[in-house]
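Colleague: Spelled out, the chains give:
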Amino acid sequence: MMDAIAGLGRSGLTAIGSLGRSGAFLWRTLAGVPNLRVGTPLLMRQLYSIGVLSLVIVVVSGLFIGMVLALQGYTILSDYGSEQAIGQMVALTLVRELGPVVTALLFAGRAGSALTAEIGLMKATEQLSSMEMMGVDPLRRVVAPRFWAGFISMPLLAVIFSAVGIWGGMLVGVEWLGVFEGAFWSNMQSSVSFTEDVMNGVIKSVVFGFVCTWIAVFQGYDCVPTSAGISSATTKTVVYSSLAVLGLDFVLTAVMFGGF
Amino acid sequence: MAQRTTEIIVGLFMIAGFAALLFLALHVSGLSLKPAGDTYTVYADFNDAGSLAPRGKVSMAGVSIGRIRDVSLNPKTFQARVAIEIDAAYSSIPADSSAVIRTSGLLGDQYIDISVGADMDSLSDGDDFYDTQSAMNLERLITNFASGR
Chain R
1 MMDAIAGLGR SGLTAIGSLG RSGAFLWRTL AGVPNLRVGT PLLMRQLYSI
51 GVLSLVIVVV SGLFIGMVLA LQGYTILSDY GSEQAIGQMV ALTLVRELGP
101 VVTALLFAGR AGSALTAEIG LMKATEQLSS MEMMGVDPLR RVVAPRFWAG
151 FISMPLLAVI FSAVGIWGGM LVGVEWLGVF EGAFWSNMQS SVSFTEDVMN
201 GVIKSVVFGF VCTWIAVFQG YDCVPTSAGI SSATTKTVVY SSLAVLGLDF
251 VLTAVMFGGF
Chain W
1 MAQRTTEIIV GLFMIAGFAA LLFLALHVSG LSLKPAGDTY TVYADFNDAG
51 SLAPRGKVSM AGVSIGRIRD VSLNPKTFQA RVAIEIDAAY SSIPADSSAV
101 IRTSGLLGDQ YIDISVGADM DSLSDGDDFY DTQSAMNLER LITNFASGR
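Keeping their order, the protein sequence lines are chains R and W.
Take the first sequence: its position 197, counted from the start at 1, is 197 in my numbering, and no numbers get skipped.
Take the second sequence: its position 58, counted from the start at 1, is 58 in my numbering, and no numbers get skipped.
To be clear, the hints were calculated from the coordinates, so they are not data collected in a lab.
There may be inaccurate statements among the hints.
Restraint-style ranges between C-beta atoms, simulated for each label pair [to be verified]:
#1 75(R) - 51(W): 24 to 34 angstroms
#2 9(R) - 72(W): 55 to 65 angstroms
#3 51(W) - 37(R): 54 to 64 angstroms
#4 254(R) - 130(W): 41 to 51 angstroms
#5 83(W) - 38(R): 53 to 63 angstroms
#6 102(W) - 78(R): 18 to 28 angstroms
#7 31(R) - 73(W): 50 to 60 angstroms
#8 10(R) - 51(W): 51 to 61 angstroms
#9 139(W) - 79(R): 19 to 29 angstroms
#10 16(R) - 69(W): 49 to 59 angstroms
Ideal Cβ positions, reconstructed from N, Cα and C, are used throughout, including at glycine.
Here chain W stands alone, though its shape is the one from the complex:
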């Protein structure tokens, strides 16, 4: 086979390999080509963060508007402090909105849903959520019910 044909075929093979890697990166792992700069971070303190984890979904009215960056313990209040990255496109979230932990389906992953408030001011970078609602813990619910409290 001519040298040039071989080179072209090998080139196509290489391109196919990198295209597959690109597919895995963008479509399978959901890596975004957009720079990470166009988000802003807000914080929410929960009594119980349940099974929230970094990269988890943050939604509003069922539409994904950001992701969880970090879950850590606030050493002063002993509450879970969740750092939430929200797309800069959704910059006018009312300041009195509340963050609620919900479960997708009965056994699905937990995510944060933001219930819209009515304030004229909006949340900006570094703000805290005024009101939060912790994860519904089925076991605790049953324990409370069984012990009659």
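Chain R on its own, in the form it takes in the complex:
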């Protein structure tokens, strides 16, 4: 009985401890003036491996999700004779919800896990400690460029996802199912607002980018430096990122569209 209570207390302390460490870690990563001459090439390399290499999966998923949305929407809307509303349905769903959320989930799986594994392996092979020995701060040299790259890439990927998805929706709705193209676009334009819908979607993806990258780099930096430790850190990255994205999405949606 007492053991169970002690175990609960211990896990609580561990959780709070790692929360505190991650906060301190984030602060130390972001604090200080970045050295642009050294930092820019590092950031470029990370933008390439995090952003550009995630592009394929984001574009392909966006296309298919847009196409499926149009197809599903059409079968329901055609019952009410309002197939023209398909454009606004596809656009609002993608721009407000699916764009940021699905991109963040894909991003966590594609880029977040890679970040964790990479940093974790650096830790396990003591590259991070040798950097410290040489007087190079691994947080500034290794973690910061990865963090910024994820933070910058995520909104761009989400916007590309939405745009490709809407194009896919148009492909199915207009080209295949024969919805009148003018009505498709004009209904969409009259119901989608740039500030309320598009920008709120971008804000969401900025928040998700911040959280996902933070979780990924912290899990890598904080992992147990063994092969088992790296694998469990990678798993944690994907699980925590996904849960954080879905939970935050609800909160953000309630604040943005919930009307209070």
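With chain R's structure known, arrange chain W on it following the hints.
Modeller: For chain W alone, kept in the frame of chain R given last:
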């Protein structure tokens, strides 16, 4: 990979991102790059504004010529006062034209249609519509019919 190639690819990625944002802004949300100055505002008082909402369509002969800016209650007459922004290109609308609320399709959105009058003078900024016709309310129509009025 050479540093320069990486930079070029990342640059292209950035451009693709901003192009997608531009597409969402211009083509999906219908944001216009034209300055907002080239419109003029006229007002119409309706007994029942139905479900008119800001950003709604204002058309003439089926062609969109402006948008609804604001719907508010006129505290003196207790009528709905709708502010309508009309493109400056359509500046010669006869002053005795009337504003009619119509529905697109049976269940679609409501919009304002302007029926052309015959006056030589035209509406200018800040003018009121002389004649308006309120939204057709299906429920009220049925109630009136059922109660024999």
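Colleague: If a hint holds in the structure, say so; if it doesn't, say that too.
Modeller: Comparing the hints with the structure gives:
1. 75(R) - 51(W): 24 to 34 angstroms: For residue 75(R) and residue 51(W) the Cβ distance comes to about 26 angstroms; the hint holds.
2. 9(R) - 72(W): 55 to 65 angstroms: Given about 59 angstroms between the Cβ atoms, the range holds.
3. 51(W) - 37(R): 54 to 64 angstroms: holds (59 angstroms)
4. 254(R) - 130(W): 41 to 51 angstroms: holds (46 angstroms)
5. 83(W) - 38(R): 53 to 63 angstroms: holds (56 angstroms)
6. 102(W) - 78(R): 18 to 28 angstroms: Holds - the Cβ-Cβ distance for residue 102(W) and residue 78(R), about 24 angstroms, lies within 18 to 28 angstroms.
7. 31(R) - 73(W): 50 to 60 angstroms: Once the Cβ atoms are compared, 53 angstroms apart, the range 50 to 60 angstroms for residue 73(W) and residue 31(R) holds.
8. 10(R) - 51(W): 51 to 61 angstroms: Given about 58 angstroms between the Cβ atoms, the range holds.
9. 139(W) - 79(R): 19 to 29 angstroms: holds (23 angstroms)
10. 16(R) - 69(W): 49 to 59 angstroms: holds (52 angstroms)
Every hint, counting from the list given before, is met by this structure.
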